[in-house]
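Chains as they are written, first to last, in the numbering used here: chain A, 1 to 92; chain B, 1 to 92.
Just to be clear, a hint being listed does not mean it is correct.
[Unchecked claim] Chain B regions said to be covered by chain A (calculated; three or more residues, Cβ under 8 angstroms):
| hint | segment |
| --- | --- |
| 1 | 34 to 45 |
| 2 | 48 to 54 |
[Claimed, not checked] Some chain B residues well away from chain A (every beta-carbon gap over 12 angstroms; in silico):
| hint | residue |
| --- | --- |
| 3 | V72 |
| 4 | A75 |
| 5 | R92 |
[Stated by the list, open to error] Cut-off 20 angstroms, straight-line C-alpha distance, at most; resulting in silico cross-link-like pairs (PhoX-like, lysine-lysine):
| hint | chain 1 | residue 1 | chain 2 | residue 2 |
| --- | --- | --- | --- | --- |
| 6 | B | K30 | B | K62 |
| 7 | B | K60 | A | K62 |
| 8 | A | K35 | A | K60 |
| 9 | B | K30 | B | K60 |
| 10 | A | K30 | A | K70 |
| 11 | A | K39 | B | K60 |
| 12 | A | K39 | B | K30 |
| 13 | A | K62 | A | K30 |
| 14 | B | K70 | B | K35 |
| 15 | A | K39 | B | K62 |
| 16 | A | K12 | A | K35 |
| 17 | A | K12 | B | K62 |
| 18 | A | K62 | B | K30 |
| 19 | A | K30 | A | K12 |
| 20 | B | K70 | B | K30 |
| 21 | B | K62 | A | K60 |
| 22 | A | K62 | A | K35 |
| 23 | A | K60 | A | K12 |
| 24 | B | K12 | B | K39 |
| 25 | A | K60 | A | K39 |
| 26 | B | K12 | B | K30 |
| 27 | B | K35 | B | K62 |
| 28 | B | K60 | B | K39 |
| 29 | A | K35 | B | K39 |
Since the hints were derived computationally from the structure, they do not count as laboratory data.
We put the beta carbon where it would ideally sit given N, CA and C, even for glycine.
There are 2 protein chains.
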Amino acid sequence: MAEANTVLIGRKPAMNYVLACITLFHSGAKEVTVKARGKAISHAIDVVEVVRRRFLPDVKIKTINIGTDKVVPQAETDGQTNVSTIEITITR
Amino acid sequence: MAEANTVLIGRKPAMNYVLACITLFHSGAKEVTVKARGKAISHAIDVVEVVRRRFLPDVKIKTINIGTDKVVPQAETDGQTNVSTIEITITR
Numbered sequence: 001m002a003e004a005n006t007v008l009i010g011r012k013p014a015m016n017y018v019l020a021c022i023t024l025f026h027s028g029a030k031e032v033t034v035k036a037r038g039k040a041i042s043h044a045i046d047v048v049e050v051v052r053r054r055f056l057p058d059v060k061i062k063t064i065n066i067g068t069d070k071v072v073p074q075a076e077t078d079g080q081t082n083v084s085t086i087e088i089t090i091t092r
Numbered sequence: 001m002a003e004a005n006t007v008l009i010g011r012k013p014a015m016n017y018v019l020a021c022i023t024l025f026h027s028g029a030k031e032v033t034v035k036a037r038g039k040a041i042s043h044a045i046d047v048v049e050v051v052r053r054r055f056l057p058d059v060k061i062k063t064i065n066i067g068t069d070k071v072v073p074q075a076e077t078d079g080q081t082n083v084s085t086i087e088i089t090i091t092r
């Protein structure tokens with residue numbers, strides 16, 4: 001169940017996602033993956049930084065991957081657009 | 001001169017920074033470091049993705065580092081705030 005320990009960053013306040021990460025670690029997770037797309041990417045970095053600097057100093061960043069997702073727009077525009085993605089895996 | 005091959009991402013259109021990266025590579029740079037803070041982080045990812053997917057497919061991501069900078073606000077507010085940073089080094 002690798003996908004179980006994933007926190008997908010959206011538009012809620014960063015502290016919500018920080019709490020989600022901390023809860024996962026406290027419930028026994030060894031690894032948590034933080035994912036975000038588009039403008040939420042900067043929030044993802046904020047979340048990881050707050051988790052490891054303020055709450056869980058023993059948490060280390062294992063991997064950071066960036067990529068591109070294709071998005072098919074709902075409105076009738078010309079074809080698809082691309083959106084950048086990030087996946088940060090942190091371990092303790 | 002490690003610092004010479006650095007592109008600092010700000011508020012200009014992403015394509016400006018993409019061009020800056022490509023120009024550095026074409027002028028002989030083996031490595032280019034893309035740096036950003038705060039909300040510009042998602043633009044930094046966009047820039048790197050456009051460079052390597054559209055223009056220079058031989059470019060690889062070498063390292064991605066994230067961190068926190070302390071910012072002393074200019075107005076009289078209560079103390080400092082933190083801002084997240086990212087540094088992406090790409091090579092060809």
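Now for the hints, and whether the structure bears them out:
Coverage of a stretch by a chain is defined here by at least three residues with a beta carbon nearer than 8 angstroms to that chain's beta carbons; for the segment 34 to 45 of chain B and chain A the count is 6, and the condition holds. Only when three residues or more bring their CB closer than 8 angstroms to a CB of chain A does the claim for the segment 48 to 54 of chain B stand; here the count is 3, and the claim holds. Non-interface status of B:V72 relative to chain A is upheld: no Cβ of that chain comes within 12 angstroms, the nearest being about 18 angstroms off. At roughly 21 angstroms, the least C-beta separation between B:A75 and chain A is larger than 12 angstroms, which holds for a residue marked as non-interface.
At roughly 17 angstroms from the closest C-beta of chain A, the C-beta of B:R92 stays outside 12 angstroms, upholding its exclusion from the interface. Between B:K30 and B:K62 the CA atoms are separated by roughly 11 angstroms; this keeps the pair inside 20 angstroms, and the hint holds. Distance check on the hinted pair: B:K60 and A:K62 sit about 19 angstroms apart at the alpha-carbon level, within 20 angstroms; holds. Proposed proximity of A:K35 and A:K60 is supported: the alpha carbons are some 16 angstroms apart, at most 20 angstroms.
The hinted pair formed by B:K30 and B:K60 meets the criterion: a straight-line CA distance of about 11 angstroms does not exceed 20 angstroms. Our distance criterion of 20 angstroms between C-alpha atoms is broken by A:K30 and A:K70, whose separation comes to about 31 angstroms. The hinted pair formed by A:K39 and B:K60 fails the criterion: a straight-line CA distance of about 23 angstroms is larger than 20 angstroms. A threshold of 20 angstroms between alpha carbons decides the hint, and for A:K39 with B:K30 the separation of about 29 angstroms lies outside it, so the pair is violated.
For the hint pairing A:K62 with A:K30, the CA-to-CA distance comes to about 11 angstroms; that is within 20 angstroms, so the pair holds. Between B:K70 and B:K35, the direct Cα distance comes to roughly 16 angstroms. Compliance with the 20 angstroms bound is thereby established for this hinted pair. For the hint pairing A:K39 with B:K62, the CA-to-CA distance comes to about 23 angstroms; that exceeds 20 angstroms, so the pair is violated. Restraint check for A:K12 and A:K35: satisfied, since their Cα atoms lie roughly 14 angstroms apart, inside the 20 angstroms limit.
For the hint linking A:K12 to B:K62, the alpha-carbon distance of about 32 angstroms lies beyond 20 angstroms, and the restraint is violated. Simply put, A:K62 and B:K30 have alpha-carbon atoms about 26 angstroms apart, too far for the 20 angstroms limit, and the pair is violated. A hinted pair counts as satisfied when its Cα atoms are at most 20 angstroms apart, and A:K30 with A:K12 does not qualify at roughly 25 angstroms. The suggested pairing of B:K70 with B:K30 is violated, with an alpha-carbon distance near 31 angstroms, which exceeds 20 angstroms.
For the suggested pair B:K62 and A:K60, the alpha carbons sit about 19 angstroms apart, so the restraint of at most 20 angstroms is met. Distance restraint check for A:K62 and A:K35: the Cα-Cα separation of roughly 14 angstroms lies within the 20 angstroms cut-off, and the hinted pair is therefore satisfied. For the proposed pair A:K60 and A:K12, the alpha carbon gap of about 24 angstroms is over 20 angstroms, so the pair is violated. With a C-alpha separation of about 13 angstroms, the suggested pairing of B:K12 with B:K39 holds against the 20 angstroms cut-off.
A C-alpha spacing of about 24 angstroms is found between A:K60 and A:K39, which places the hinted pair above 20 angstroms, so the restraint is violated. Taken as a hint, the B:K12 and B:K30 pair is broken in the structure, with Cα atoms around 25 angstroms apart against an allowance of 20 angstroms. The hinted pair formed by B:K35 and B:K62 meets the criterion: a straight-line CA distance of about 14 angstroms does not exceed 20 angstroms. Under the criterion of a C-alpha separation no larger than 20 angstroms, the hint pairing B:K60 with B:K39 is inconsistent with the structure, at around 24 angstroms.
Straight-line distance between C-alpha atoms of A:K35 and B:K39 comes to about 16 angstroms, which keeps the hinted pair within the 20 angstroms bound.
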